[in-house]
Amino acid sequence: MTRGMYIRRRLLLMLPTAFGVTLVTFLMIHLIPGDPAVTMLGVRATPKAVAALHREWGLNKPLYEQYWLFLTRVVRGNFGVSLFYNSSATGIILSASLVSLSLIVYAVVLSVVIAVPLAVLAATHRNGISDQAVRAIPLIGMGMPSAWIAIMLILLMGLKFHLFPVAGLQPGVLGHLDSLFLPGLTLSLGIAPLLVRSLRSSLIDAFDADYVTTARSKGIHEYRVLIRHAIRNALASSLNILGLQIAFLISGTLVVETVFALPGVGALMVNSIYRRDFPVVQGVTFVLALAVILTNLGTDVVHSLLDPRVRFE
Amino acid sequence: MTDLLLSVKNLRVELATHREVVHAVEDVSFDLGAGQTLGIVGESGCGKSMLLRAILGLLPRGGRVTGGQVIFQGTDLLSLNNQQRRDVRGRSIGMIFQEPMTALNPVMHVGDQIAEGPIAHLGYTKKAGRQRAVELMQQVGIPDARRRFRAYPSELSGGMRQRVMIAIALACEPQLLLCDEPTTALDVTIQDQILKLLLHLQESTGVSMIFVTHDLAVVSQMCQSLAVMYAAELVEFGLVASVLPDPTHPYTLGLLRAVPDFDKVKAMLDPIPGIPPSLVDPPEGCRFRPRCEFAQEDCATGDFPLQFTEEGRASSCIHQVLCRNAAHADPVIGSRAAH
Amino acid sequence: MIIGLALAAPLITSYSPTVLNPSQGLLAPSLHHLLGTDELGRDVWTRLLYGARVDLEIAFLAVLASFVFGTAVGCVAGFFGGWADVVAMRAVDVILAFPFFVLVIALVFILGPGTKSIYIAIIATDWVSYTWIIRKEILSTKRLEFILAASALGYRPLRIIIRHLIPNVITQAIVYSMSDIVFTILTIVTLGFLGLGVPPPTPEWGSMMSDGQQFITSHWQLATVPGIAVVIIGIGLSLFGDGIADRLRVE
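As they're listed, the protein sequences go chains A, B and C.
The working numbering puts the first residue of the first sequence at 202, with every later residue one more than the last.
The working numbering puts the first residue of the second sequence at 7, with every later residue one more than the last.
The working numbering puts the first residue of the third sequence at 2, with every later residue one more than the last.
Quick caveat, the hints were computed from the structure, so don't treat them as lab data.
For clarity, every value in this text was computed on a predicted model and none was experimentally measured.
Any given hint could turn out to be false.
The list that follows gives simulated cross-link-like pairs (lysine to any residue, SDA-like), each with its CA atoms no further than 20 Å apart [to be verified]:
1. B/LYS132 with A/ILE341
2. B/LYS132 with A/ILE428
3. B/LYS132 with A/LEU445
4. B/LYS132 with A/ILE421
5. B/LYS132 with B/PHE155
6. B/LYS133 with A/ILE421
7. C/LYS117 with A/MET229
8. C/LYS137 with A/LEU214
9. C/LYS117 with A/LEU232
10. C/LYS117 with A/ILE421
11. C/LYS137 with C/GLY113
12. B/LYS202 with B/THR190
13. B/LYS132 with B/VAL113
14. B/LYS202 with B/GLN145
15. C/LYS137 with A/ILE428
16. B/LYS15 with B/ALA40
17. B/LYS15 with B/GLN104
18. B/LYS132 with B/GLN144
19. B/LYS132 with A/THR223
20. B/LYS15 with B/PHE36
21. C/LYS137 with A/ASN441
22. B/LYS132 with A/TYR424
23. A/LYS262 with A/THR223
24. B/LYS133 with A/MET229
25. B/LYS15 with B/THR315
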């Protein structure tokens with residue numbers, strides 16, 4: 202199978218899921234107890250405003266027609282009008298997405314920077330003290346709420362030692378890097394333990410693999426064996442774990458952006474919930490699910506580039 | 007006799023697994039002349055692969071050499087430090103593995119895998135390394151080498167993969183090639199092609215080979231001398247031409263009887279009854295005794311080292327006469343002896 | 002041990018977790034108040050213990066319900082295949098496409114605050130993991146000979162599922178459920194932290210953390226302590242899960 206065919210097939214497989222996601226986001230509104238329009242606008246809403254919303258959402262039409270209406274709007278990228286900002290929800294979500302995207306990329310880079318050396322250390326000194334220590338990390342790390350990590354980082358690195366800013370987003374590239382450091386670190390500490398665990402075990406598998414023995418039989422330097430042969434294979438197999446963790450990172454942005462007062466989609470969702478801004482909540486939910494689907498697609502494509510075997514399975 | 011290239015002396019290898027220590031190689035000694043090919047035969051798990059890997063210091067995790075020497079061109083390889091050992095690996099001694107699918111890195115172009123050795127040892131630039139890799143691929147009979155350079159192992163057939171493996175092992179023109187069952191994982195027709203390729207390459211480069219296999223037919227096709235290994239020990243050693251028609255150890259005789267012979271009416275296999283002893287705590291006396299048809303009381307105690315007999319042959323059996331008589335009485339083996 | 006402490010909470014502490022005592026607010030840790038008091042004068046140690054009851058109870062019950070429901074769906078999908086399988090796996094794919102916490106929080110928001118919403122949101126989101134695991138296991142077990150033999154003997158599907166399949170495929174799900182409980186506790190705590198969890202004044206670790214956050218410079222222990230409690234629970238359950246995994250594997 203060629204690379205192009207593989208990617209096309211994966212895209213086709215993605216469609217039914219994306220379709221299902223629109224269905225779930227659509228039905229969310231109908232799970233609201235009572236009249237959704239009244240709940241959205243609050244009890245003091247004028248009958249006129251309620252009627253207007255009924256018209257906009259087509260609430261008096263049959264369900265399948267409402268869904269069709271919703272689908273056509275979503276395909277055109279229209280999530281309705283924010284009840285709080287009174288402007289297009291899509292625009293608000295898009296501008297917030299950029300902040301979250303850079304935060305997530307930052308977190309992924311940080312977690313790789315943290316996880317790879319630890320995993321290599323553990324795998325090369327198997328059952329030694331460093332290995333035992335590294336193996337204990339997931340045990341502790343898995344149980345840490347990211348809200349708590351955030352508070353602790355603020356307490357230690359922000360307030361005690363004044364190393365990094367603890368709230369808001371500063372302008373400029375350097376300002377971004379600076380103010381996103383603690384939030385990025387918080388998120389990455391959430392996923393690094395799992396990444397370390399999977400990298401360690403795939404590295405150990407790689408060290409025992411025949412191709413590493415072959416590489417050694419060529420008499421090339423041990424660093425080259427490690428980097429070109431062992432780590433590359435281990436990364437290829439750990440990539441899936443990282444891809445799955447993106448969903449976790451996206452969840453994490455809700456807390457982290459709230460704690461660090463960053464204007465991203467996570468904070469937008471939490472704030473819109475406080476403001477009972479249904480169209481924005483619905484839009485963000487949909488966009489985030491779409492992001493997960495696209496990430497999975499992206500992971501598979503990158504994986505197929507790194508490891509040619511997957512295309513043949 | 008030609009110049010001595012490799013001399014293994016009293017080599018011992020231990021393999022520590024979860025709970026127990028396996029004595030994988032015990033007190034093994036043999037010599038190999040320049041340009042010669044030695045076959046090492048034995049059942050699975052008799053320690054022949056460990057012996058081969060110990061020569062290059064490529065034992066799996068838990069394995070270690072506990073005694074002996076591996077003298078290659080006058081130097082004991084076991085006394086070298088890591089850097090010196092790397093200089094020998096790939097440069098002076100190449101190795102071919104059994105399973106070409108797993109022995110090649112799945113995420114690296116095969117050409118780059120071939121070029122690694124010359125770049126590391128011969129100071130080739132990346133470009134020159136590529137050039138050399140394409141040359142080697144042509145040499146080992148890979149058609150369309152320039153295009154296949156960028157292939158991944160999964161895109162090649164088993165035979166092509168093993169050719170890549172051979173190109174890797176020969177990339178720096180080593181003096182010695184270690185082959186660990188290089189044809190076992192392949193189809194019979196491909197097997198034959200690979201063996202012919204190796205013979206051809208040996209003629210053109212003069213490389214010496216150690217050929218580990220469980221197939222006596224392969225040994226008679228490829229090798230001048232033969233070492234038979236049973237339960238971590240060598241039990242018989244000698245020239246192929248003298249050992250195969252006239253075995254002096256009952257285990258060698260058993261192996262010969264288990265070879266299907268299509269020339270004769272007798273196409274039935276005679277497997278050796280029983281299983282080899284555990285190498286965790288090997289029994290006293292001759293290790294083949296429980297499975298041996300000629301076993302006597304005196305086989306049960308004492309050591310059974312390899313004893314040299316006439317014309318550079320050696321056997322660990324103390325009742326060689328019984329074995330030879332039985333071999334001569336066998337129509338198939340006996341007829342070979344008569345040649 | 003923590004579970005024991007939580008159950009015995011009323012015996013261990015003499016304070017009430019909810020009664021306010023503003024005059025005793027923000028006390029430092031002392032013999033009277035082991036971990037001090039919060040801004041409303043409530044004993045932190047007491048609230049920690051009662052909070053454990055709330056968080057653990059929701060997590061255990063929600064995971065149990067997800068486990069039972071997800072396993073049932075997984076069995077049906079894996080065993081019968083066909084339409085049931087297609088529908089179930091589409092649903093699983095779609096729910097897995099949502100980031101877990103995003104879907105939970107959206108559901109809690111829509112259903113309105115309260116413990117009931119938290120249960121529904123977690124179960125609705127969490128069951129898919131079990132369906133996924135069980136279905137995969139069943140597909141590989143179904144081809145084993147003793148299952149084929151049971152089918153050939155003409156046993157009814159329900160009997161085959163209950164007597165032969167489930168005992169063989171349940172291990173993976175049990176092992177997963179251990180880390181799932183930790184994860185669910187984190188979810189509940191995070192909901193509480195964002196103010197969408199168990200409504201006050203019920204003591205809950207997440208809301209304790211966010212309340213304590215305001216006093217982080219002066220009274221760091223208020224926000225720190227509940228987090229440490231979560232970490233300890235996490236380690237305990239992980240070790241317990243590893244132990245169970247080892248024992249199940251041996252058998």
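Against the structure, the hints:
1. With a CA separation close to 45 Å, the supplied pair B/LYS132 and A/ILE341 exceeds the 20 Å bound.
2. Taken as a hint, the B/LYS132 and A/ILE428 pair is honoured in the structure, with Cα atoms around 17 Å apart against an allowance of 20 Å.
3. With a CA separation close to 37 Å, the supplied pair B/LYS132 and A/LEU445 exceeds the 20 Å bound.
4. Distance restraint check for B/LYS132 and A/ILE421: the Cα-Cα separation of roughly 14 Å lies within the 20 Å cut-off, and the hinted pair is therefore satisfied.
5. Only pairs whose Cα atoms come within 20 Å are accepted, and B/LYS132 paired with B/PHE155 is accepted, the gap being roughly 14 Å.
6. Between the alpha carbons of B/LYS133 and A/ILE421 the distance comes to roughly 18 Å, so the proposed pair stays at or under 20 Å and holds.
7. Straight-line distance between C-alpha atoms of C/LYS117 and A/MET229 comes to about 17 Å, which keeps the hinted pair within the 20 Å bound.
8. Distance check on the hinted pair: C/LYS137 and A/LEU214 sit about 19 Å apart at the alpha-carbon level, within 20 Å; holds.
9. Among the hinted pairs, C/LYS117 with A/LEU232 is consistent with the structure: their alpha-carbon atoms are about 14 Å apart, no more than 20 Å.
10. Simply put, C/LYS117 and A/ILE421 have alpha-carbon atoms about 62 Å apart, too far for the 20 Å limit, and the pair is violated.
11. Under the criterion of a C-alpha separation no larger than 20 Å, the hint pairing C/LYS137 with C/GLY113 is inconsistent with the structure, at around 35 Å.
12. This hinted pair checks out: B/LYS202 and B/THR190 have alpha carbons roughly 15 Å apart, not beyond 20 Å.
13. Only pairs whose Cα atoms come within 20 Å are accepted, and B/LYS132 paired with B/VAL113 is accepted, the gap being roughly 19 Å.
14. With a C-alpha separation of about 13 Å, the suggested pairing of B/LYS202 with B/GLN145 holds against the 20 Å cut-off.
15. The straight-line distance between the Cα atoms of C/LYS137 and A/ILE428 is roughly 34 Å, outside the 20 Å bound, and the hint therefore fails.
16. Our distance criterion of 20 Å between C-alpha atoms is met by B/LYS15 and B/ALA40, whose separation comes to about 17 Å.
17. With a C-alpha separation of about 25 Å, the suggested pair B/LYS15 and B/GLN104 falls outside the 20 Å cut-off, and the hint is violated.
18. Annotation: proposed proximity of B/LYS132 to B/GLN144 holds, straight-line Cα distance about 19 Å (limit 20 Å).
19. The straight-line distance between the Cα atoms of B/LYS132 and A/THR223 is roughly 52 Å, outside the 20 Å bound, and the hint therefore fails.
20. For the given pair, B/LYS15 sits about 7 Å from B/PHE36 by alpha-carbon distance, which is consistent with the 20 Å threshold.
21. With a CA separation close to 18 Å, the supplied pair C/LYS137 and A/ASN441 stays within the 20 Å bound.
22. Taking the CA atoms of B/LYS132 and A/TYR424, the gap is near 18 Å; set against the 20 Å cutoff, the hint holds.
23. A threshold of 20 Å between alpha carbons decides the hint, and for A/LYS262 with A/THR223 the separation of about 18 Å falls inside it, so the pair holds.
24. A hinted pair counts as satisfied when its Cα atoms are at most 20 Å apart, and B/LYS133 with A/MET229 does not qualify at roughly 60 Å.
25. Between B/LYS15 and B/THR315, the direct Cα distance comes to roughly 18 Å. Compliance with the 20 Å bound is thereby established for this hinted pair.
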